[in-house]
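> Chains as they are written, first to last, in the UniProt record's numbering: chain A, 1 to 340; chain B, 1 to 322.
The set of hints was computed from the structure by calculation and includes no laboratory data.
Be aware that a few hints might be false.
Derived pair list, reagent style DSSO-like, types lysine-lysine, alpha-carbon separation capped at 27 Å [said to hold, decoys possible]:
id, chain 1, residue 1, chain 2, residue 2
1, A, 223, A, 284
2, B, 121, A, 279
3, A, 84, B, 121
4, B, 287, A, 284
A short, non-exhaustive set of chain A residues, derived as facing chain B with CB atoms under 10 Å [claimed, not checked]:
id, residue
5, 5
6, 19
7, 69
8, 198
9, 320
10, 321
We put the CB at the ideal spot given by N, CA and C, even for glycine.
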Amino acid sequence: MAIPKAERLMNLALCLMNARRPLSKRELRASIEAYASLDGGPGGADEAAFNRMFERDKEDLRELGLVIETGESPLDGETGYLAKRASNRLPELALAAEEAAALALAARVWQQARLAGAASGALQKLRAAGAFGNNGGAAEGSPAREEEGRATVLEPRIPAHEPSFDKLMLAARERRPVTFAYRRSGAPEPGTRTVEPWALECWHGHWYLAGFDRDREDARVFKLSRIVGQVRTRSGGFTAEVPAHVDVREHVARFAGEGATATARVRLRRGVGWPLRTKALAEKSAEGEWDEVELPYGHGLAADLAEFGADVLVLGPEELRAEVLAHLRAAAGVKGAETA
Amino acid sequence: MSNAIDQTRRLLSLVTYLRERPGARVAEVARAFNITEAELMGDLAVLPMCGTSFRGGDLLDIDTDGERIWWHNADAADTVARPLRIAADEATALLVAARAVADLPGLRRGDREALARAVAKLETAAGDAASGSSRLNVTFEAEGSAFAEADRALSERRRLWLRYYSYGRDEITEREVDPIRLVTVGHTYLEGFCRRAEERRLFRLDRVVEIKVLETPADPPPVRLRDLPDYAAGLVQPAEDDPVVVLEVGPGGRWVTEYFAHDAAEELPDGGLRITLRAAEPANLRKLALRLGADGRVVSPPELADEVREVAERALAAYGES
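Given only the sequences and the hints, what does the whole structure look like? Please build it.
Here is the structure:
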């Protein structure tokens, strides 16, 4: 039966952590059963397979936080590896019970697999290190308990189902340019974009990427759910300067119509349209069953108004009236509405 | 969630943990690591296969009788049992989440302060590994005042009175609700037992028009947290018997799939989509069709398509068109 991957990774980690000098690949292969049992032996047919496996394992250990340094193995003069104690030690860290409980709540908000695993792994690490007190958080009045009590009050969740999330997070962290196919709102076909990723932001439950769009030579914001297919990392570094402060929300909010440029006047049937009324600049009763309301007029208002059908009547400006009429004509199936 | 990387991470922590606690109890260790006892036993089966060299006979001599865990050569393993530094992913995961939670309006002051202290300590301990966390930001929309009242009702176990806006019916109704918990998935929701509907319901806090904490003690039917839905797959889970609706949208209406749970979305030749979904409240879809205008239409059921057309015609009549 094949040796489980976790066992192989664990053995590699322990060998590297226990080493007092750099260990060459050859030495590691001889020490670790999962490698030694690969058919062929050094120089054999599976040398390439071992090399690939070893490189991947090293990357995996780095992902979970092990700092692996390289040097020359004194035994055979080849490149050797070791994980020095000084580079891998957790500094002293002591958390009070309520701090630990707060952190435990935060650790549970991720739904994205990689970060959910990292968050609970970090808690285990802190608990093992005694950062939550010496009972390890398993006794009376411990974080584990308070965690449970706290959960009755607030259950925040960060969604991240977009497959591009992992790659973009790493690229932004390592400052590497990426290429992906992106479907702009309303565009029939996706187009290729090359972007220097700055930051990812989750707003209203959706993820956005802000970065420098190389083809448009300007900052742009992308919605992750509109990325089609794979994100590819490109060689080379960033060409544009990364701003000290990246405001993804401001950009998205402007697009969502929160940056109004004019004022609209509409009639609203009494008692309906509460969401519109919460945005109203002014509101007064008009004749019959109508109220007259002034609204900030920005991108997207026509669609917001069309939803209310016959309960809304646009008084002005003319441009907004025409837009709402176009929505209604299309919905009523009036001929030629598509070109309105 | 037990992939090899997560398990390796856990095994390394387990080694640190066990070295400090000879004879640790299986039940306690499982609880501390937030895993089942079966998962822990699985880990304990892997550890004796691990060592600094399988040929040197220096494998970790860890065993268990199912109740307690013993490590017989722990002293020899000093170098591998030291607490490990925080990795970049781990720092990102904890710090980004902690900052988002700390920014929730309506969070209790004591909790907010504790979280801020924890974040500061963690940033220091993580060092360079913490820097990547500034590339991610999460904002929860929690609707401050409604949140604070709902939170107070929860901690004092009292009933809430709400004026609540129903989106589909475009009306405001009054209701009394026994709060169960607050859930944040993009927007923040109050989950509670609605005394009007006599059912568990979700209320979006930004649709709460008015809220008051009543003197009446809350009396929701007993429910265990673990029995409540996780909402991981979205808040609105259509039921099997909800009516099936088919929409066709143009390229400008593709966003519908991002906001509505749907069963299928087929590509159309013009770059649009044919979307099949089940709707608990068809009124929501009538509003959606009006919002889409030329970017979409209801294909079926015909009654819904007719309803959209009638509403649009009535609206047009008010503008002097018919």
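> None of the hints should be skipped; say for each whether it holds.
Hints versus structure:
A threshold of 27 Å between alpha carbons decides the hint, and for residue 223 of chain A with residue 284 of chain A the separation of about 39 Å lies outside it, so the pair is violated. Note on residue 121 of chain B and residue 279 of chain A: the hinted pairing is violated, with a Cα-Cα distance of about 42 Å set against a maximum of 27 Å. A hinted pair counts as satisfied when its Cα atoms are at most 27 Å apart, and residue 84 of chain A with residue 121 of chain B qualifies at roughly 24 Å. The hinted pair formed by residue 287 of chain B and residue 284 of chain A meets the criterion: a straight-line CA distance of about 25 Å does not exceed 27 Å.
Hint status for residue 5 of chain A: holds, given a least beta-carbon distance of 4 Å to chain B, under 10 Å. Taking 10 Å as the C-beta cut-off, the interface hint given for residue 19 of chain A holds, the closest approach to chain B being about 8 Å. A least Cβ separation of about 14 Å between residue 69 of chain A and chain B goes past the 10 Å threshold, and the interface hint is therefore violated. The beta carbon of residue 198 of chain A comes within 7 Å of a beta carbon in chain B, closer than 10 Å, and the hint placing it at the interface holds.
The interface hint given for residue 320 of chain A is violated, since its Cβ lies 12 Å from the closest Cβ of chain B, which is over the 10 Å cut-off. Interface hint status for residue 321 of chain A: upheld, as the beta-carbon distance to the closest one in chain B is roughly 8 Å, under 10 Å.
When held up to the earlier numbered hints, the structure conflicts with 1, 2, 7 and 9 and fits the remainder.
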